[in-house]
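Line by line, the protein sequences give chains W and Y.
Heads up: the first sequence begins at 1 in the numbering used here, then just goes up one per residue.
Heads up: the second sequence begins at 1 in the numbering used here, then just goes up one per residue.
These are calculated hints, taken from the structure and not from any lab test.
Check the hints yourself; a few may be wrong.
[Claimed, not checked] What the simulated footprint calls covered on chain W by chain Y, stretch by stretch (three residues with Cβ under 8 Å from a Cβ of chain Y suffice, anywhere in the stretch; the number is not a length):
(1) 58–70
(2) 79–91
(3) 217–229
[What the hints assert, rightly or not] Pairs of lysine to any residue, SDA-like flavour, derived with a Cα cap of 20 Å:
(4) W:214 x Y:54
(5) Y:43 x W:194
(6) W:89 x W:25
(7) Y:51 x W:181
(8) Y:280 x W:227
(9) W:191 x W:232
(10) W:193 x Y:277
(11) W:100 x Y:277
All C-beta atoms in this analysis are idealised placements derived from N, C-alpha and C, irrespective of residue type, glycine included.
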Amino acid sequence: MSEAKAFIDYYSLKKKKTSNFSLYYNDLISLTICGIGKINAAMSIVQTFYEFEKQKNNIWINFGVAGHKKEKIGSIFLVDKVIDNETKKKRYPFILDNCKINQNSCITYNKPNFNYTNNLSDMEASGFFFGCEKYSSKEFIHSIKIISDNEKKKINFFNKDEVKSMVLNKIEDIDTFIKKLYSTWTNYFEKKKKIENTIRNILIDYRLTFSEEKEFSRWLSMYFYHTSNLKINFLDNKKDIHTNIQNIKKKLGI
Amino acid sequence: MKFNNVYIEREILKSFYTKNILDKINYGKIILCDKYTEVFNPKNQNFRIQKMNPNIILAKKRKKLIFKTPEDYTIGFEKNFYFSHMLNCVYDCSYCFLQGMFNSANYLVFVNYEDYFKEIAKIINTNTNNRICFFSGYDCDSLALDYLTNFVTNFVDFFSRYQNAFLEIRTKSVNIKPLFKFKPSKNIIIAYSINPQSVIEKFEEKTPNFEKRLNALKKIQEKGWNIGLRFDPIFISKKNKNEYLIFLERIFSKLDCSLIHSVTIGKFRMPEVFLKKIIKIRPEDSFNFTNFIKKDIEEEMMIKHFYSNIEKYVNKNKIFYN
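Using the sequences plus the hints, can you model the full thing?
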């Protein structure tokens with residue numbers, strides 16, 4: 001919770017009333033406090049997905065504390081490989097260009113691990129990655145870890161202010177990373193989402209079978225992408241979809 | 001060339017080829033994996049987004065190193081095989097089937113060339129009475145990243161030992177210097193995929209332009225190498241028919257037609273499952289793809305016309321419509 005507090009303040013997030021997990025949000029970002037362990041992490045993904053309109057291909061970022069043999073307390077790392085210590089399953093996030101955060105691999109343990117290695121050690125990352133891959137593309141699933149303990153030192157986890165201020169020190173770097181990722185996401189998905197929503201709204205006016213809906217969507221999508229025009233005054237919901245598809249084809253010159 | 005990350009299979013970390021590639025690239029970090037499939041194969045990847053900034057994976061190809069080509073695909077040999085020392089390509093052709101076939105756009109380079117040599121030698125030695133062709137450059141561009149892979153140096157040298165085995169190096173790249181380290185070899189065919197400039201501009205992003213490819217072909221031919229012309233995929237229609245004919249004239253006026261090894265013509269074709277996947281990740285091109293796959297009598301006639309124009313320059317038995 002103390003790690004989350006810094007983000008809640010920084011992004012002015014308000015609390016959403018739900019059961020099970022604490023969720024915070026604004027217009028763009030939501031934050032879920034998953035608690036400790038990979039099962040909690042995976043479950044919190046599912047809960048978040050269903051709480052926020054089941055939107056696929058969103059950006060998902062796990063933030064949390066991790067241990068490391070010698071890295072300095074308070075330094076942050078972007079996870080480039082996550083290994084589940086129990087199952088030995090691995091995931092390799094796709095890291096976008098010019099990321100300023102140093103990378104490191106992370107091993108997710110079932111229990112707190114004090115046999116420090118040169119990998120980050122945490123208790124959530126693998127659950128997070130395995131959960132998210134059902135809902136998004138690998139380029140948009142990341143984990144950022146902040147060092148809370150090493151061979152010589154560890155923070156006082158009960159001192160909320162210490163944890164919060166450690167996170168606040170790095171929050172600008174994390175925000176830069178999020179903005180970059182968001183810009184890539186926008187470039188690729190914004191138009192796509194707009195077109196998908198337009199098609200969804202059009203389909204409301206038609207009573208179609210599953211296959212008719214699929215076919216009609218395909219032609220509408222082709223029309224919108226090809227013409228970059230979302231005006232639909234040539235469609236007529238009183239006519240059957242075959243006539244409407246013919247109209248689209250005419251417009252496309254097919 | 002710069003990569004954010006290099007993924008390397010633990011088993012080949014110390015391989016000579018791996019070291020050689022690492023010496024030639026700038027990279028942020030080496031990330032070890034057990035098998036390349038861990039990085040390359042997962043389904044939840046977006047080819048288009050990765051294509052903006054691909055990483056490189058160095059791996060060992062363990063199974064299925066050599067494949068038979070489809071039955072009817074030929075450039076005049078009795079038996080035909082293909083292999084890929086690399087998966088994915090530096091170019092970004094909108095019609096490319098790789099984006100439908102692979103989940104990841106990372107460049108995957110197989111560095112165990114000796115294993116390829118063994119498999120190829122086995123096939124050659126069991127087919128001593130046949131002229132066999134091995135095709136390279138279907139799942140990548142054979143020459144484009146040669147400075148990293150040393151493909152030409154290794155494979156041209158290997159094939160020069162055999163009389164009855166041929167290697168087609170398929171490319172759009174004008175990176176031809178590596179070839180000139182060798183004496184021209186009769187059993188190597190450097191085959192260029194080529195289209196008129198307007199088609200290149202529309203569909204073949206990041207590729208060398210038509211004139212550059214033609215100049216490369218000319219140089220290669222002048223040095224005494226076999227060349228092949230691959231009009232595949234061809235996008236001929238009533239609208240651009242004349243452009244295609246002028247394009248042919250330009251090619252055949254520049255090259256020595258009598259020395260051309262083979263010419264192939266092929267329409268755009270793609271398994272439906274790849275096509276569906278591509279339309280999903282590049283919906284902006286769905287209109288083009290619908291046009292590409294349309295079975296059209298007009299296109300068939302245009303291709304026949306194109307074919308008969310090639311016949312004016314090249315002997316019919318060297319022209320193949322695949």
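(message) Checking each numbered hint in turn, tell me which of them this model violates, lowest number first.
(response) Numbers 1, 4, 5, 6 and 11 - these are the hints that the structure violates, sorted from lowest upward.
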